[in-house]
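Engineer: So the chains spell out like this:
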Amino acid sequence: MPDVVKAVNNVIQSLVDDEPKPPLHVGEVMSCWSYLSELADEQVHSEAGVNSTTDPELRKAFHEIVEMFKSQKERMITFMLSEGVPIPSLSESKPQSNPSDIPLGVKLTDDELANSLNIKIVVLISFCATAIIQSNRNDVTLIWLEYLQEYMTFGATMKELVKRRGWLKVPPYYYAPGTPLKS
Amino acid sequence: MPDLLQALKSVVQSFIKDENKTPLHIGEAMGCWIFLALVGETQVQTEAGINSTTDPELRKALQEAVNMFKSEKERISAFMRSEGIPLPPLSESKPISDPNRVPLGVKLTDNELANSLKKKITMAITKCSDTAGQTIRSDVSLMLAEFLQEHITFLITFKSLMRKRGWLKVPPPYYPPGVQQTEK
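Quick note, the sequences are listed as chains E and Z, same order. Its first residue numbered 27, the first sequence is counted upward by one per residue in the working numbering. Its first residue numbered 262, the second sequence is counted upward by one per residue in the working numbering.
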């Protein structure tokens with residue numbers, strides 16, 4: 027985890043603590059609520075992902091993200107309960123199972139799994155960013171900022187893995203007429 | 262399918278035919294490319310969904326979604342090929358398999374399957390309207406409007422199924438202070 031962000035967080039936190047706290051507005055509550063229900067879903071999907079592949083690197087990535095989702099879920103639940111926001115019904119964890127027993131009509135390939143993991147990160151990053159824009163209270167902004175930073179850190183490592191294994195989908199390159207040749 | 266929309270489209274279409282077609286701009290190309298990649302992946306995952314459940318209503322809805330994704334994939338691929346945009350690498354269709362043989366560590370419940378399909382449709386809707394906002398050429402806008410309309414139409418029916426089966430997650434209700442209590 028990058029320490030600069032932690033440091034800045036601490037500084038801002040000290041400033042924020044003295045701020046009078048108005049109740050959450052409906053947008054903030056909506057973000058927290060839908061984010062939590064989404065997190066639980068994604069956690070379950072990622073657990074199913076761990077159970078679908080035998081590739082050690084991909085399993086490790088899925089394990090990491092499951093841990094991250096779990097920790098974020100806990101923090102979000104604590105915050106929501108302290109603000110009196112009801113908790114949505116959440117999906118339950120999947121048991122462990124053998125990846126080679128899955129019928130081929132359900133088993134996703136490593137490529138598909140890696141890309142679905144990437145899509146999750148993309149969706150959650152934009153979710154956090156939208157929530158930051160909407161929130162008025164600084165302590166709420168900080169929560170989202172923390173999540174965002176975790177996704178960015180994870181996403182950077184993940185992108186490296188996806189590139190190395192040839193799972194990355196690259197949009198068409200931009201060739202402008204008259205672009206200078208690079209040697 | 263709403264007929265009014267069809268009528269309007271035909272009218273607009275007649276105007277567009279005369280429009281001078283400029284080459285696609287990079288935003289349009291990127292939008293088409295991403296949409297195709299997204300629809301392709303979603304189709305395969307929805308097929309895996311069909312192979313994971315025995316619920317007839319959910320299977321029917323998932324099958325409808327797969328058909329929609331397939332037809333959209335064909336239309337946008339044809340368009341991209343005619344415009345010279347390279348296609349993204351796409352996953353292949355899943356074979357049919359027995360839902361009861363799926364290990365429990367991987368099998369998603371009906372509730373989870375329904376919610377994940379809903380989220381995928383929501384994403385596609387956002388993507389469509391995002392790209393539609395960027396487009397300059399009317400034929401591209403129209404194609405995206407068509408996709409958008411299909412997704413929204415599907416989502417409306419699907420949501421009522423989800424509500425009926427208790428799969429729909431409803432955010433907390435909004436009570437403004439001082440709201441009039443309605444007599445029961």
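Source of the hints: derived by calculation from the structure; they are not laboratory data. There may be inaccurate statements among the hints.
Pulled a few chain E residues facing chain Z out of the computed Cβ check, cut under 8 angstroms [unchecked claim]:
no.	residue
1	S63
2	T104
3	S108
4	V111
5	P129
6	G131
7	V132
Only pairs whose alpha carbons sit at most 30 angstroms apart, straight line, appear in this in silico BS3-like list of lysine-lysine [said to hold, decoys possible]:
no.	chain 1	residue 1	chain 2	residue 2
8	E	K195	Z	K379
9	E	K189	Z	K425
10	Z	K380	Z	K425
We put the beta carbon where it would ideally sit given N, CA and C, even for glycine.
Engineer: State for each hint whether it applies.
Structural biologist: Here is what the structure says about each hint:
| no. | hint | verdict |
| --- | --- | --- |
| 1 | S63 | 5 angstroms, holds |
| 2 | T104 | 17 angstroms, violated |
| 3 | S108 | 15 angstroms, violated |
| 4 | V111 | 7 angstroms, holds |
| 5 | P129 | 3 angstroms, holds |
| 6 | G131 | 3 angstroms, holds |
| 7 | V132 | 5 angstroms, holds |
| 8 | E:K195 - Z:K379 | 24 angstroms, holds |
| 9 | E:K189 - Z:K425 | 43 angstroms, violated |
| 10 | Z:K380 - Z:K425 | 18 angstroms, holds |
This entry does not satisfy hints 2, 3 and 9, going by the numbered hints stated previously.
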